[in-house]
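J.: The primary structure of each chain is shown beneath.
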Amino acid sequence: MTPLLELRGVSKHFAGGILGRDRKLALDRFSFAIDPALPGITAVVGESGSGKTTLARLLLGLIEPTEGEVRYRGRPLPGLSGSQRREFRREVQAIFQDPYEVYNPFYRVDHVLATPVRKFRLAATRADRRRLVEEALRAVGLRPEEILGRYPHQLSGGQRQRIMVARALLLRPRVIVADEPVSMVDASLRATILGSLRQLHEELGISILYITHDLATAYQVADTIIVLYRAAVAEAGDVELVVKAPQHPYTQLLIASVPRVGTARDWGTEERNPEAPSPAQGCNFADRCPVAIPRCSAAPPPLYRTDPRRAAACFRLSEQPVLLGEDIGQVLGPRPGAEPPVAAVLSA
Amino acid sequence: MNAGDRILRVERLRVSYDHPLGPVRAVGEVSFALRPRERFGLAGESGSGKSTMALAILRMIKPPGRIDGGDVWLEDIPLSGLTDEAMRRLRLAGIAMVPQGSMNSLNPVARIREQIRDALADHGERLSRRAGELRARALLAQVGLPPEVADRYPHELSGGMKQRACIAIAICLRPKVIIADEPTSALDVVVQRQVMETLGRVQAELGAAVILIGHDMGLMAQFVDRLGIMYAGRLVEVAPIVDIITAPRHPYTRLLIESLPSLERKGELRGIPGLAPVLRELPPGCAFHPRCPMAQPRCGTERPAVREIGEDASVACHLA
Amino acid sequence: MLGYLRRNVSLAVGLALLGVLVVFMVVGALTVDTANAQPLSAPALQPPSWDYPFGTDRQGRDLLAVMVAGTPLTLRIGFVAGFIGVGAGAILAFTAAYYRGRVDTVIRSIADIGLTVPQLLVLIIIAVSLKGSLTVNQMAIVVASLAWLSPTRTIRSQVLTLRERGYVEIARLNGMSGPEIIFRELMPNLLPYLAATLVSSVSAAILASVGLEVLGLGPVEAPTLGMTLYWVNFNAAIINGWWWWWTAPLVVIVMVFLGLFFLTVGLDEIANPRLRRSA
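Protein chains in written order, with our numbering: chain F, 64 to 411; chain P, 25 to 344; chain V, 8 to 286.
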């Protein structure tokens with residue numbers, strides 16, 4: 064079936080410097096598809112500069128790819144007609160990181176909820192609109208009487224972010240791209256907000272792309288994971304496999320560096336130069352890699368499929384078959400035997 | 025409390041700031057003490073008052089904030105008794121701070137070695153150019169940075185390198201206490217590890233005590249010896265880190281630990297219900313009681329006093 | 008409101024000065040016969056007296072009537088030109104800043120080039136090339152032709168900063184079109200800034216028009232403030248000691264500019280809350 068949203072060989076370069084000479088590669092040949100019949104929660108994990116935010120903005124149509132295509136229901140985004148575009152906006156929604164910036168300080172917070180209802184004509188009468196908004200607020204654990212009528216600066220960061228989740232919810236989208244939705248929220252509230260996201264997925268069959276630098280929450284929330292390193296996919300697949308038995312040296316380093324509660328306080332050997340720039344050729348990680356071989360500096364490794372549900376881009380795995388078309392969507396499907404959420408089956 | 029074996033003592037420190045609707049208590053009656061070479065963590069979320077505490081210890085609270093009461097002792101010197109000039113000299117030389125976002129507060133038009141030299145000159149150490157350079161390189165080596173960094177401008181360095189340069193400036197006068205306020209919040213996990221390991225190593229070499237302020241409990245678990253948990257401006261629990269993790273006494277601490285996502289096993293996503301405290305409108309009694317699963321009627325009327333448990337721990341809860 | 012005025016002294020002073028002028032104009036219009044602002048209405052060169060509180064000029068104009076008739080004319084030129092300037096400037100600025108790309112480059116370049124040319128010079132050339140003498144409204148259009156340049160630049164830079172805000176992205180995700188985003192999301196946040204720009208634009212327009220009039224390039228038959236000063240100059244009133252002739256327009260002009268200036272400073276404080284002083 065036609066994927067709802069897909070990227071085909073998408074690369075994104077950003078121009079910079081005088082006369083646009085410096086080109087920075089933000090995302091490199093990325094292919095990925097979201098299948099409406101098989102909704103899941105996929106985490107995209109990487110550091111700053113890994114390309115995860117660029118990925119989010121490409122998926123949302125806020126920026127255009129330099130190479131490759133972003134397609135909605137099979138049609139490239141720039142070619143969508145007005146009504147198709149509106150459908151796209153309705154089915155693909157977002158939650159952003161900063162719960163302060165996303166509010167127009169001139170309006171009360173009602174504006175951020177009433178506008179999509181109005182633009183997408185979700186309610187016929189004013190009373191209906193009010194009811195819809197109140198329902199959405201309650202669904203994320205907020206009390207409408209405490210929220211509506213206030214200005215953004217009168218509410219806390221946690222409340223504001225939950226309103227944003229409510230907003231995404233209102234439209235009953237098929238996909239929510241959540242770009243670091245809880246990194247600016249207090250730790251005690253993070254689990255609550257992530258819990259409601261997971262609930263949205265389970266009850267309404269919404270696919271969620273959870274973009275974060277926090278491996279621990281990614282592990283807890285998602286079924287599948289994509290690990291990005293400097294604009295390329297290092298490893299992708301089932302979250303249990305990737306986190307418990309990482310195959311790419313970068314993933315191994317990442318997991319070893321996450322500070323843990325309850326373990327002996329030993330971080331292992333210190334890495335000497337984590338911020339060195341990428342080498343010009345070959346694998347991006349080669350100059351930091353503890354197990355690099357000469358082949359690693361010659362050309363970038365392809366993604367090897369080491370399991371039906373995982374792939375990693377490392378020459379040490381070269382005995383494994385190469386992932387067809389570098390399409391990580393193939394390893395991100397649901398677990399065999401897993402029940403798709405009921406709602407998804409009914410609405411597919 | 026025995027003054028002899030404590031390098032820093034904070035006793036009943038109170039900070040408030042003026043708001044059009046009345047004064048707001050940002051830090052209320054906080055007391056704790058550091059041993060030499062101890063790593064002490066101060067954890068809390070928004071509104072907990074932890075950053076305000078750090079500024080108060082250094083007497084850097086500016087209007088509309090003010091220190092209402094309490095005192096801070098560095099060894100046996102009460103800081104409230106010092107003149108402004110004496111306090112200024114104490115900052116960096118006695119107690120050094122690596123403030124939040126300090127990597128973005130480096131002077132963008134000065135090379136690193138000049139910034140180190142400025143810090144030294146401010147405290148009366150005027151070195152010749154040659155001596156200053158040697159000193160700068162030695163400090164940079166201590167934080168694991170190559171000598172070339174001395175000649176660089178901040179924008180030429182990566183985030184982790186800038187933060188380590190800030191640590192180098194903080195230790196240049198061999199302080200007895202280093203306060204690090206969210207030193208790694210803008211850094212990714214791998215660089216964070218490097219910066220924290222640098223901080224730990226430097227602290228051990230100097231024999232200094234460290235106060236690490238943050239909200240990342242995982243980071244605290246890996247780095248500190250003892251942890252203090254702040255909520256709504258008060259220290260609700262202090263204990264050795266292993267005890268806090270395995271047997272937390274205060275319900276807030278317990279819920280915080282439970283809400284931490286683990287990388288070991290998938291589980292329920294559990295947060296702390298309710299809203300973060302609004303300092304202007306704190307409830308009567310215990311500030312945490314509206315969110316506390318074990319709240320009793322007494323918790324809503326009577327604020328729990330801090331109860332010491334041995335030399336290293338304390339808790340402020342009616343039920344602990 | 009009054010409490011705020013007490014804190015925002017500039018705003019209070021500005022409003023007060025302009026208020027006095029408004030009262031003067033209104034009361035004057037009701038009590039003074041503006042026909043006397045034309046030549047040969049009164050004996051010439053009378054110093055101030057009960058009959059002629061502001062005196063009369065060499066052509067026999069009653070200077071009180073001139074002030075009552077001329078002040079609104081000068082202000083009208085300023086307001087019309089200022090409004091057109093900011094209005095056109097705002098539209099161009101929002102368009103350039105929101106859409107960026109080639110539109111932005113074109114608009115920005117024209118504004119930049121225009122700003123480097125001495126404005127008074129251009130206005131003189133325009134005024135001189137128009138056949139016959141100008142009416143007051145034509146004067147306003149002449150001044151307006153250049154009044155949009157500076158507002159375009161300043162408003163554009165304000166919009167550029169707002170454009171990157173998260174709520175603009177959310178608005179795009181809501182399916183809002185460009186013009187909708189400009190009007191509903193961006194403009195309301197810029198209202199205080201636009202008001203401040205408007206006031207300074209009016210001020211600049213009045214200055215430009217007075218400048219042109221003093222040079223004799225204005226609407227010769229109208230008793231505007233600038234034209235009065237032209238006649239002062241033409242008749243060497245200062246040397247001849249007819250002090251009442253130039254005092255009146257000067258005082259009014261100073262009041263207008265000071266009033267607008269303080270108003271700008273006061274509005275600036277509203278637009279930029281960081282400048283607010285505590286009570």
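These are calculated hints, taken from the structure and not from any lab test.
A portion of the hints provided could be inaccurate.
Cβ-to-Cβ under 8 Å is the rule here; a few derived chain P residues that face chain F [as the list claims (entries may be wrong)]:
#1 Gln246
#2 Leu287
#3 Arg294
Note that CB positions come from ideal geometry on N, CA and C, so glycine has one too.
J.: Hint by hint, note whether the structure agrees.
T.: Taking the hints in turn, this is what the structure says about them:
{"no.": "1", "hint": "Gln246", "verdict": "4 Å, holds"}
{"no.": "2", "hint": "Leu287", "verdict": "5 Å, holds"}
{"no.": "3", "hint": "Arg294", "verdict": "5 Å, holds"}
The structure agrees with every numbered hint stated previously.
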